[in-house]
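A.B. asks: As a plain string of letters, each chain reads:
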Amino acid sequence: MAEYKGVLICGELIEGRLTGISKELLGIGRKLADDLGEELSILLMGSDLSNAAREAIACGANKVYIAAQPLLDNYHCDACTEVATNLCREIAPSVFLLGQTDMGRDIAPRIAARLKVALAVDCVELRIEPDTKLLIQTRPVYGGNALAEVVSVTHPQMATVRAKSMSPLEPDESRQGESIPVKVEVDIETMKIKLVERIKQPIEGVKLEDADAVVAGGAGIGSAGNFAMLEELAKLLKGAVGASRVPCQEGWVSQSIEIGQTGKIVTPNIYIAIGISGAVQHIAGCLGSKCIVAVNKDPDANIFKVADFGIVADYKEALPAFTEKCKEIIG
Amino acid sequence: MINIIVCVKQILDPEMPPGKFKIDPESNKVIPPEGIPLVVSPFDEQAVEAALRIKEQCGAKITVVTVGESSAVNAVKHSLAMGADEGIVVEHIIEGYDSLLTAYILTKAIEEIVAYDLIICGREAADWGSGQVGSIIAESLGIPVVARTRKIEVMDSRLKVEHIIEDGDESLELPMPAVITVSYEIGQARIPTGWGVISAARKKIPSWSLEDIGVDLSQIGDTSSRIKLLKLFTPTRERGCQIIEGKTAAEAAANLALRLREAKVI
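Chains as they are written, first to last, in this note's numbering: chain A, 790 to 1120; chain B, 4 to 269.
Think of the hints as simulated: they come from the structure by calculation, not from any bench.
Each residue gets a CB set at the ideal place from its N, CA and C atoms; glycine is no exception.
Some hints here could point you the wrong way.
Stated by the list, open to error - The calculated lysine to any residue pairs, modelled on SDA-like cross-linking and capped at a C-alpha distance of 20 Å, are:
#: 1; chain 1: A; residue 1: Lys1094; chain 2: B; residue 2: Met19
#: 2; chain 1: A; residue 1: Lys989; chain 2: B; residue 2: Gly171
#: 3; chain 1: B; residue 1: Lys234; chain 2: A; residue 2: Val913
#: 4; chain 1: A; residue 1: Lys922; chain 2: B; residue 2: Ser228
#: 5; chain 1: B; residue 1: Lys234; chain 2: A; residue 2: Lys989
#: 6; chain 1: A; residue 1: Lys1094; chain 2: B; residue 2: Arg262
As the list claims (entries may be wrong) - Example chain B residues on the side facing chain A (calculated, C-beta under 8 Å, incomplete):
#: 7; residue: Ile208
#: 8; residue: Ser228
#: 9; residue: Ile230
#: 10; residue: Leu232
#: 11; residue: Arg242
#: 12; residue: Cys244
#: 13; residue: Ile247
#: 14; residue: Ala260
#: 15; residue: Arg264
Start from the sequences and build out the full structure, keeping to the hints where you can.
C.D. replies: Here you go:
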């Protein structure tokens, strides 16, 4: 497939800056492009993209495709699908990567359907096979019980990448690259889906995905009120509170803090799992943590298999003493 | 009254104990564990639930469709027992990672059903988790799609949906026919009643072949012409947990904090 060349990234922005996952995509994209001996490009959509374009070049991009259109400042699924599909048709990249984000989940399958190509979602590892120069994609399946290694035979080889699974490059302002304008032929007025309103839920304290410390509770916590104990510890460690599936389903906590294969993926320095049995689909969401600590009454709980440290105890007795000691230590 | 089609998939029980999960390295396939019945993929169950709520709100005829081996009729029966009106099984075994083929067959089945205003799918199946089928069906039929919705409201020939975005929601309006995908945010799916199970058992569930719905496999190509599974394996993840002891739970907890300090984790 000699006519397909280069690696293309679909960039995402927040207040005019590249998001964390976009920089991670550039990090892995740079490596894949080097292994192929080809160029790395990124697509940016919105208005006022010059800062983000500079950032992208510093993070490894050779080319920045600028789809300048103020209407794209507000994410619109139909419009973004259209712009990204058209660019893929025009520049025919060998590899096209998106983040496994809300936008990536929305538009990647639609682009793949339009291009009639395979798509591997939620990849945690990507590499170029030296002989065939094809992209080997590794992704968790069966709720994290298994990993699958797949290769797409169709081009562009499309994948979405799980956040925090790849490392960004150290930004280097001396890197050079070029910006290329992209013709945007979308009229949001004619799109079938109309945006009525957007409601942002304000987050108090540290964002769960970005927290260095996560204190997570499971079915063993027993009630909404008991989560206050976890809040206290999280505050002390300057971290955030998360939960496994049961507390979210029972309505003890907001569904937005579910950690697991189908919820948030977290990779803090310390992950404290309290009253969590350790279902595989939950573990899939916290396995990347540097240190996992488990507190559980059941010595046979699955969570101890993936933890670094643990105590076998009722959290109601253990947690206050633990928080107290931490206060003493941290000061 | 509107016509709703719900696509469901029968899978291995995702809640099975981790010790029961085994892979045959020769065939790169999961060995079905003995004594654990197959289930409807949980998000697909929530798709049926979403359809039933619309039926209660404004009246609807709900047709459930699945592609799979002949035992997939059980997934349809479960959906009928929940309250869906009709069901169809398209008999064909597909590899779970070939979303394009799955969606192509479902699209052909939907075109054969003819009357549809709304198609609801689970956001992703709990086995291969590709999360693509709903979107590909919409692209193939040339109709709008909103993935991952919290709430669906029917207003004459239009839909109002709450779409989940990072840190919030957006409210969207779109014309029917359309495809919507849902997951756990919809809320718990109902458990079939005894009467539901009895009336579902009495219903005739037609089984269609690929020829019946005009699927031409040479047109779409086989799975290996798109994607190849190189390896399916169980990750090793034992970390060797250090259990911290103490005379009481409180003492063990205090010792844990000291140990974490020693390891420079806190």
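A.B. asks: Kindly indicate which numbered hints from before are broken by the structure, ordering the numbers from low to high.
C.D. replies: 5 and 7
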